[in-house]
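Once you've looked at the hints, go ahead and assemble the two chains, each given alone in its own frame, into the complex.
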Amino acid sequence: MSLLHDIGDYIQVNHGVIGTALLQHLRLSLIPVLVAVVLAVPVGWIATIHVALRHTLFTAGNILYTVPSLAMFLVLPGLLGTSILDETNVIVALAIYTLALLVPRVAEGLNSVDPLVLQAATAMGYKPVRRWATVQLPLALPVVFAAVRVATVANVSLVTVASLIGIGGLGGLFTRGFQLGFYAPPIVIGLVLCVGLAIVLDLLIVALQRLVTPWVRA
Amino acid sequence: MNLDYLTDGANWAWSSSDSFPHRLLEHLGYTSLALLIAAVIALPIGLYVGHTNRAAVLAINLGNAGQAVPTLGLLMLMLALLGLGLLPVIIALAALAVPPLITTTYAGLRAVPAGAVDAAVGMGMRPLQVLVGVEIPAALPIIVGGLRNATLQVVSSATIAAYAGMGGLGRYLFDGLAVRDYPQVVAGSVVVAVLAIALDLLIAGLGRWSVSPGLRLSTHQTS
Chain W
448 MSLLHDIGDY IQVNHGVIGT ALLQHLRLSL IPVLVAVVLA VPVGWIATIH VALRHTLFTA
508 GNILYTVPSL AMFLVLPGLL GTSILDETNV IVALAIYTLA LLVPRVAEGL NSVDPLVLQA
568 ATAMGYKPVR RWATVQLPLA LPVVFAAVRV ATVANVSLVT VASLIGIGGL GGLFTRGFQL
628 GFYAPPIVIG LVLCVGLAIV LDLLIVALQR LVTPWVRA
Chain C
151 MNLDYLTDGA NWAWSSSDSF PHRLLEHLGY TSLALLIAAV IALPIGLYVG HTNRAAVLAI
211 NLGNAGQAVP TLGLLMLMLA LLGLGLLPVI IALAALAVPP LITTTYAGLR AVPAGAVDAA
271 VGMGMRPLQV LVGVEIPAAL PIIVGGLRNA TLQVVSSATI AAYAGMGGLG RYLFDGLAVR
331 DYPQVVAGSV VVAVLAIALD LLIAGLGRWS VSPGLRLSTH QTS
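Line by line, the protein sequences are chains W and C.
First residue of the first sequence? That's 448 in the working numbering, and the numbers climb one at a time after it.
First residue of the second sequence? That's 151 in the working numbering, and the numbers climb one at a time after it.
Calculated from the structure, these hints are not laboratory results.
Backbone N, C-alpha and C fix where the C-beta goes; we use that ideal spot for every residue, glycine too.
It is possible that part of the hints are untrue.
[Claimed, not checked] For each label pair, taking beta carbons as the anchor points, the in silico distance ranges come out as:
id, chain 1, residue 1, chain 2, residue 2, range
1, W, Y630, C, S165, 36 to 46 Å
2, C, L352, W, L651, 33 to 43 Å
3, W, E534, C, S166, 30 to 40 Å
4, C, R204, W, V659, 33 to 43 Å
5, W, D533, C, L153, 17 to 27 Å
6, W, R664, C, P194, 31 to 41 Å
7, W, S449, C, L212, 24 to 34 Å
8, W, R664, C, G265, 23 to 33 Å
9, C, A348, W, A593, 22 to 32 Å
10, W, P562, C, L208, 33 to 43 Å
Chain C extracted, bound-state conformation (with noise of 0.2 Å):
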């Protein structure tokens, strides 16, 4: 592996608008803009379904049937109706991202003990109250762990943001690869790679984090 380009400081100057700094920053924004989209969408079916188990079936078939779907053949199909730009990329992301954040957040509150449940109901709490107030919190690792999931697809699929003519990191995969610069495809791999580890060591710790309190005190009794 020829790591020239990698280890090149030209290529991590701040002034060039081709460095790794700026396509980093690009490749950030497009995963955060899909994974804010496919919350909206995917946390309130998730919670739906998964607070009054209604259509469960259908949410998690559908669920299942879209994590098959190619991201690759939807970002085309999305440029051949919509033409080249941001929306189509975005919208090819955040279908990535939705079937996972469905299924888990489902999952997170099935997950939720019903005696908990029954508990907050029996001290007179309202649906919506239990739901932010008791199974939100209890299903949140659960829920993050979704998060993760999804985050490590979204970011690694932003890479084909740069097939249709934007930004972002995947820039030095279709560039090195155009002009046979295997250099620079590896240096763009390798930056992919880490910035990937790096999101998913933060979610990771947000996950630890999010533990509720209360649950973290009977988990340490437990075991």
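The shape of chain W in the complex, shown without the other chains (with noise of 0.2 Å):
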């Protein structure tokens, strides 16, 4: 109960704080959701059409997933030449790890397509870069969808772990907490906003993959 108490006089000392910190995470988690699947598009429709390029996109992808996220985090400011607090390298990290993981869904997905449906678009007069853009593109989109709510779930998470090296919105509660001598009630608040964050950010996608694909509607 006094747990409870500690952190209802946390919230109202520190109501400001948290709510930055919120609006950082928020920000951090999806600008390399956006960028990703802006640049996973391209990426993955020539690997639909290269297969040896197919090959090479997808192993680098595989093996930059690997690279442990506070490595890439500590490693990325020699090699952008950005300051270590920059959020620059988290952005540009989350959104290496969001497009390894969506390339190869976007491919998947197009490849998925049914044939019969795409000459049935061809023969309907369908060119192709329109047949591409209204009928295989769209037709792709559950399996894209599904990728980007996995990789927005996963970036949530962490951004926390940049606030090992100092910036790192909600992880900034944890490194709070962890300051004050292990005081649980920033911990905890952070832990409860993150799991919320990701559960809401998880339906507003649902939502508009529900709003972009009404045809999948079952």
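Right, dumping it as structure tokens:
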């Protein structure tokens, strides 16, 4: 009971800090997803038409995906020439993970479209570009959305790791608890908000998916 | 990138307890202990849910929600509740591996062709014999895939053990960061990344080996 009381007190005193952390967390988790989606569609498309390149792309993605996030956050500043406290490092690192996750799924989604549907579109007079953009890509969307959901939830959790290097949205509440001698209230608040944020974002993506793919609704 | 720390032979000497070989062994120790505990918890649950298809929605949703829990936060909470030491680290790392192991074990069992299970039942096999003799061997590649995913997350997150005052490769990251010794940070990062990739390849090989000979034959014929 006293933990709940302490949590209430902590929120009352620090609600400004918590709000800022939540906003930063949202920014750091979502921008990489947006960047990766924009890049994954053309890269995934290239992977569907070029078999040798597909193999290289998937292998590179697998290797990048195995690089631990803390290692990535710490090595990127050296490669990008950014300061270690720059949010760009976190955004680039998470965009790389998201891209590595999305590209194979985009290619898989595009390849899973029934060839008969594509032939029907051609027979109805669709030129290749229009057929790709208005028939093949929309039909691949459910597979892509599934991967976007996984990546978004993973990002919300990964952002907290960046708090170890001084940026980290809600992860900052964890390190705050640590600095206060393992004081539980900020840690519990951070955990609850992280899981809550992941669930809310997941539901929003599902809602967006239902909106843009009305034909799948069963 | 400055690789001086990584290429300095003194940092690889077995005689120093702070050298790469010792930190690697510590890191592997935390990783395997956490995975072992996670497997002991997750495999029975996944097998039960997959075999009976009972409580599947609950298990899958809990598994998915579990993946949203940040390991760092869980570690901090465990440290706040239990104090410094190995136990909170292992609990946080095992908690990270349980959800993917449950969901893939379940998915693996559900992906076993119903015909194979029916045939086994028709031949008079008991439920446990069906599970051990048919379902698990057929599901093994998917289960190993889940183990691969879990290992990747645990080996990468085991760096936070250093944050709790323990050893492992995370020491280089945190010690280097504390004194702004970036070559040390880079060295730790590179070794963790290489370890993760090596373990990933190892388990990928295990996955290929785990395909039951009977299934290997049928995929050859169809492809």
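Against the structure, the hints come out as follows:
1. W:Y630 with C:S165: 36 to 46 Å: 40 Å, holds
2. C:L352 with W:L651: 33 to 43 Å: Between L352 (chain C) and L651 (chain W), where Cβ atoms are some 38 Å apart, the hint holds.
3. W:E534 with C:S166: 30 to 40 Å: Since E534 (chain W) and S166 (chain C) have Cβ atoms about 37 Å apart, the given range 30 to 40 Å holds.
4. C:R204 with W:V659: 33 to 43 Å: 35 Å, holds
5. W:D533 with C:L153: 17 to 27 Å: Given range 17 to 27 Å: holds, Cβ gap about 22 Å.
6. W:R664 with C:P194: 31 to 41 Å: 37 Å, holds
7. W:S449 with C:L212: 24 to 34 Å: Cβ of S449 (chain W) to Cβ of L212 (chain C): about 28 Å, so the range 24 to 34 Å holds.
8. W:R664 with C:G265: 23 to 33 Å: With Cβ atoms ~32 Å apart, the hint holds.
9. C:A348 with W:A593: 22 to 32 Å: 30 Å, holds
10. W:P562 with C:L208: 33 to 43 Å: Given range 33 to 43 Å: holds, Cβ gap about 39 Å.
Violated hints are absent here; each numbered hint is respected by the structure.
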